[in-house]
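Chains as they are written, first to last, in the UniProt record's numbering: chain L, 1 to 182; chain D, 1 to 182.
Don't read these hints as lab results, they were simulated from the structure. In this text the structure is predicted, and so the values were computed from the model without any measurement. Hints should not be assumed to be uniformly reliable.
Because identical chains share one entry, a pair is satisfied inside a single copy or across any pair of copies.
[What the hints assert, rightly or not] Think about it this way: if two alpha-carbon atoms lie no more than 30 angstroms apart in a straight line, the pair counts; the simulated DSS-like pairs of lysine-lysine are:
no., residue 1, residue 2
1, Lys-5, Lys-105
2, Lys-135, Lys-5
3, Lys-96, Lys-135
4, Lys-150, Lys-110
Chain by chain, the residues run as shown.
2 protein chains.
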Amino acid sequence: MDDRKPEIIDTRLIARSRLFGIEEMHLRFSNGEERTYERLRTPPIAGVMCVPLLDRDTVVLIREYGAGVEDYQITLPKGAYEHGEDWRDAANRELKEEAGYGARKLTLLKRMTLSPGYMGHAITVALAEDLYEEKLPGDEPEPLEVITWKLSDLDRLLEREDVTEARVIAALLMTRRILETR
Amino acid sequence: MDDRKPEIIDTRLIARSRLFGIEEMHLRFSNGEERTYERLRTPPIAGVMCVPLLDRDTVVLIREYGAGVEDYQITLPKGAYEHGEDWRDAANRELKEEAGYGARKLTLLKRMTLSPGYMGHAITVALAEDLYEEKLPGDEPEPLEVITWKLSDLDRLLEREDVTEARVIAALLMTRRILETR
Numbered sequence: 001m002d003d004r005k006p007e008i009i010d011t012r013l014i015a016r017s018r019l020f021g022i023e024e025m026h027l028r029f030s031n032g033e034e035r036t037y038e039r040l041r042t043p044p045i046a047g048v049m050c051v052p053l054l055d056r057d058t059v060v061l062i063r064e065y066g067a068g069v070e071d072y073q074i075t076l077p078k079g080a081y082e083h084g085e086d087w088r089d090a091a092n093r094e095l096k097e098e099a100g101y102g103a104r105k106l107t108l109l110k111r112m113t114l115s116p117g118y119m120g121h122a123i124t125v126a127l128a129e130d131l132y133e134e135k136l137p138g139d140e141p142e143p144l145e146v147i148t149w150k151l152s153d154l155d156r157l158l159e160r161e162d163v164t165e166a167r168v169i170a171a172l173l174m175t176r177r178i179l180e181t182r
Numbered sequence: 001m002d003d004r005k006p007e008i009i010d011t012r013l014i015a016r017s018r019l020f021g022i023e024e025m026h027l028r029f030s031n032g033e034e035r036t037y038e039r040l041r042t043p044p045i046a047g048v049m050c051v052p053l054l055d056r057d058t059v060v061l062i063r064e065y066g067a068g069v070e071d072y073q074i075t076l077p078k079g080a081y082e083h084g085e086d087w088r089d090a091a092n093r094e095l096k097e098e099a100g101y102g103a104r105k106l107t108l109l110k111r112m113t114l115s116p117g118y119m120g121h122a123i124t125v126a127l128a129e130d131l132y133e134e135k136l137p138g139d140e141p142e143p144l145e146v147i148t149w150k151l152s153d154l155d156r157l158l159e160r161e162d163v164t165e166a167r168v169i170a171a172l173l174m175t176r177r178i179l180e181t182r
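Bound conformation, chain L alone (with noise of 0.2 angstroms):
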């Protein structure tokens, strides 16, 4: 099989706002077909999420206000790097942040995308452990609530109308698969 990539030949920026940039690509396909493909703009800037646990058997989850869906979501604390932040420093602040504790272990979990045939969008996943109270204050527009819920109960979790972010969904079966070989 041919892998060598598409090439690009032009990428321009074709509507922008404060927060999204709309990109057409055009695209050569190693086979010589041409395509012209939209995406989003990748951010400049890098996020984080990260799976906190109180113990072997209880992760720390938030529920925020989604405004893309319109309704409350349960989530993990996440957010995107601030100046010079490594992922390790934005989580612990994420974490502080929206759930209100610190982290003195983090270990990355996976790199995850969105939808990478439309979005550059990466997010690091990272277990937090070994937490403890800290909080700092964030900007939501309302206090999030923090709630706990058992990794042994987890298929429940993952049947709620509440629960279907990919990533979050993703982060929490893998947790449970690493704390099942631990």
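We have chain L; now place chain D onto it with these hints.
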């Protein structure tokens, strides 16, 4: 805890392209805080993704170029509904177009979202079983590579750098769990 959703004062389209729309939302939270958020416009057409099983331990995957990440990715057959289709029709058509199989048995796994804070995009994830060979022509610029992988070796798949899509990781882990408990 106050459980009232924020009031959506106003939503307007501020930029658009053939594929994407960017909206600005003016929200008033139940505590009186107001915010202006940006989000992607939710596509009018939903999507479907399927996990095709050749047998209890063998999943069918595809390898496809992702313009967002500018590289090849291992993923699952997926796509948007076409006119008049329900999720079962769409799942079967995409499976035939992208992997060369039809499925006699489709089971709903989960409705997943991408990034609830910034987009309403949702995809129905289904288990596809009792497969038979049938190829439908798709609109791909180059033939997709169809590969198989053992679910018993899923952990090694998830370590690969060309396996990053959160929806794919979540779907495969949910599938393994279901098969383990059957």
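Status of each hint after checking the structure:
| no. | hint | result |
| --- | --- | --- |
| 1 | Lys-5 - Lys-105 | neither (39 angstroms within a copy, 35 angstroms between copies) |
| 2 | Lys-135 - Lys-5 | between (46 angstroms within a copy, 25 angstroms between copies) |
| 3 | Lys-96 - Lys-135 | within (5 angstroms within a copy, 51 angstroms between copies) |
| 4 | Lys-150 - Lys-110 | both (22 angstroms within a copy, 20 angstroms between copies) |
The structure shown violates just one earlier hint, number 1.
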